[in-house]
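Visitor: The chain contents come next:
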Amino acid sequence: MAAPTRKSVEFFYDVLSPYTWLAFEVMCRYQQKWNIDLKLRPFFLSGIMQGADNRPPGMVPAKATYMGKDLRRLTDMYKVPFKMPSNPAEVMFIKGSINAGRFLTAVDMNCDQYLEELTRQLFLRIYYRDEDITEPASLMSAAAKAGIPEDLAKQLLSTIKDQAVKDRLRQTTQTALDHGAFGSPTIVAHIDGKPQMFFGSDRLELMAHMLGEKWHGPLTELAKAKM
Amino acid sequence: MAATRSRKVVELFYDVISPYSWVAFEVLCRYQMRWNIDLQLRPFFIGGVFKETGNKPPGLVAAKYAYVQHDLKRLADFYKIPVKMPPMERLMKRENVNSNRLLTAVNLDCPEHLENLSRELWMRVMSRDQDISQPASLETAATAAGIPSDTTPQLLSRINDDDVKAALKATTNQALSYGAFGAPTILAHVTETPVMLWGSDRFPLLAHILGEQWEGPLTEMAKY
Chain A
1 MAAPTRKSVE FFYDVLSPYT WLAFEVMCRY QQKWNIDLKL RPFFLSGIMQ GADNRPPGMV
61 PAKATYMGKD LRRLTDMYKV PFKMPSNPAE VMFIKGSINA GRFLTAVDMN CDQYLEELTR
121 QLFLRIYYRD EDITEPASLM SAAAKAGIPE DLAKQLLSTI KDQAVKDRLR QTTQTALDHG
181 AFGSPTIVAH IDGKPQMFFG SDRLELMAHM LGEKWHGPLT ELAKAKM
Chain B
1 MAATRSRKVV ELFYDVISPY SWVAFEVLCR YQMRWNIDLQ LRPFFIGGVF KETGNKPPGL
61 VAAKYAYVQH DLKRLADFYK IPVKMPPMER LMKRENVNSN RLLTAVNLDC PEHLENLSRE
121 LWMRVMSRDQ DISQPASLET AATAAGIPSD TTPQLLSRIN DDDVKAALKA TTNQALSYGA
181 FGAPTILAHV TETPVMLWGS DRFPLLAHIL GEQWEGPLTE MAKY
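Residue numbers (the UniProt record's numbering), protein chains in the order written: chain A, 1 to 227; chain B, 1 to 224.
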């Protein structure tokens with residue numbers, strides 16, 4: 001008896017985006033409940049904003065104030081240990097995520113079994129402990145917490161400036177843009193041979209409906225990100 | 001004899017030029033029959049909110065506009081609301097201030113018609129791509145909403161009255177004072193400080209805050 005085919009759901013993301021962490025954790029929970037094949041696709045948010053000529057929502061002061069509260073309420077409801085960093089503008093607009101994006105890409109290319117946990121550890125650094133994700137030591141520390149053996153982590157880190165890694169990150173970003181992306185996360189669910197693109201962390205109930213799956217709310221009992 | 005739990009006030013600030021406001025409006029109209037809430041409809045002027053906050057309509061980013069059109073089509077199906085985003089160039093030219101004033105006048109003079117009139121105006125602008133500014137358009141919407149034809153001319157003349165203009169401005173300013181930057185803006189009065197929520201995609205959170213149950217779109221209660 002054949003099992004029904006698993007539907008592919010691609011999750012395009014950048015660890016610089018707080019709402020992305022929320023969507024990431026929820027999708028990691030639901031991949032255990034739904035008949036889906038969740039593919040994590042690290043991309044580069046700056047490239048998306050440039051390519052789509054969009055600007056970050058936090059540029060409007062009233063929106064930034066709201067987002068801080070909204071994130072606190074949502075992450076509380078979804079049990080994601082989120083804390084706004086002390087200087088979000090520095091984190092997002094000055095330090096950025098290019099090295100983290102490349103490191104995640106290298107892991108995706110070479111040993112993708114670590115991708116989920118490394119992603120989580122990078123989110124925990126920025127959006128829980130207010131720690132750096134740009135320095136090699138920061139990336140090594142996240143890798144260790146994600147269970148990547150030190151030798152392997154060092155070797156992967158040495159490839160982040162390789163053309164193959166840069167090209168792959170660029171390609172993933174372009175693929176998301178081709179799907180109509182203008183921010184993070186961009187989720188592409190392949191349903192009946194047609195890609196359905198969803199933006200943000202607040203279309204998951206709608207996506208469940210379209211996937212023919214059941215939405216059970218936050219599923220906090222499956223929470224993985226620990227404080 | 002147990003005392004009834006006091007109803008929690010939920011205010012919905014909306015503008016009929018905003019398609020996501022329509023989604024929130026229909027969902028809250030359904031849930032007011034399920035939840036122990038007192039839903040208060042507060043028509044405001046989104047142009048004033050954008051001006052004050054420096055925010056811009058999402059449709060100005062081309063990729064976002066394309067997405068919003070697609071997103072609304074899927075949401076329309078999911079929630080059973082006949083919302084359909086008109087082409088950008090027509091939407092940008094639509095005048096909404098007369099509609100906002102008429103809704104404000106109705107809210108002041110005969111609030112029992114506010115829900116239906118809002119719905120009819122959305123049907124015009126966000127489903128059939130029709131005008132919502134000319135007196136004839138407003139009259140047609142009023143008739144469809146069940147407003148008696150002998151009171152319509154009087155209501156229509158109210159849109160130029162100072163108290164109506166002032167009330168619309170006051171509602172807009174009130175939303176701004178709660179931190180509004182777009183539409184819809186939802187205020188849940190649970191504790192002394194009301195919780196402000198933006199958009200039509202925070203209903204599970206709203207339910208959680210109100211201590212109520214989110215049961216999805218409740219399409220069996222759809223008015224269409």
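Everything labelled a hint here was simulated from the structure, so no lab data went into it. Please note that the accuracy of each hint is not assured.
[Stated by the list, open to error] One-sided excerpt, in silico: chain B residues whose CB lies under 7 Å from chain A: (1) 53; (2) 58; (3) 59; (4) 114; (5) 179.
Quick caveat, the model's predicted, so the values are computed rather than measured. The beta-carbon is built from N, C-alpha and C at its ideal position, and this holds for glycine as well.
Visitor: Next, verify each hint and record whether it holds.
Guide: Verification of the hints:
Interface hint at residue 53 of chain B: satisfied, since its Cβ lies 4 Å from the closest Cβ of chain A, which is below the 7 Å cut-off. At its closest, the beta carbon of residue 58 of chain B sits 9 Å from a beta carbon of chain A; the interface hint therefore is violated under the 7 Å criterion. The interface hint given for residue 59 of chain B is violated, since its Cβ lies 12 Å from the closest Cβ of chain A, which is over the 7 Å cut-off. Hint on residue 114 of chain B is violated. Least Cβ distance to chain A is approximately 26 Å, over the 7 Å limit.
For the restraint placing residue 179 of chain B at the interface with chain A, the shortest Cβ-Cβ distance is roughly 6 Å, inside the 7 Å limit, so the hint holds.
Of the numbered hints given earlier, the model fails hints 2, 3 and 4; all others are met.
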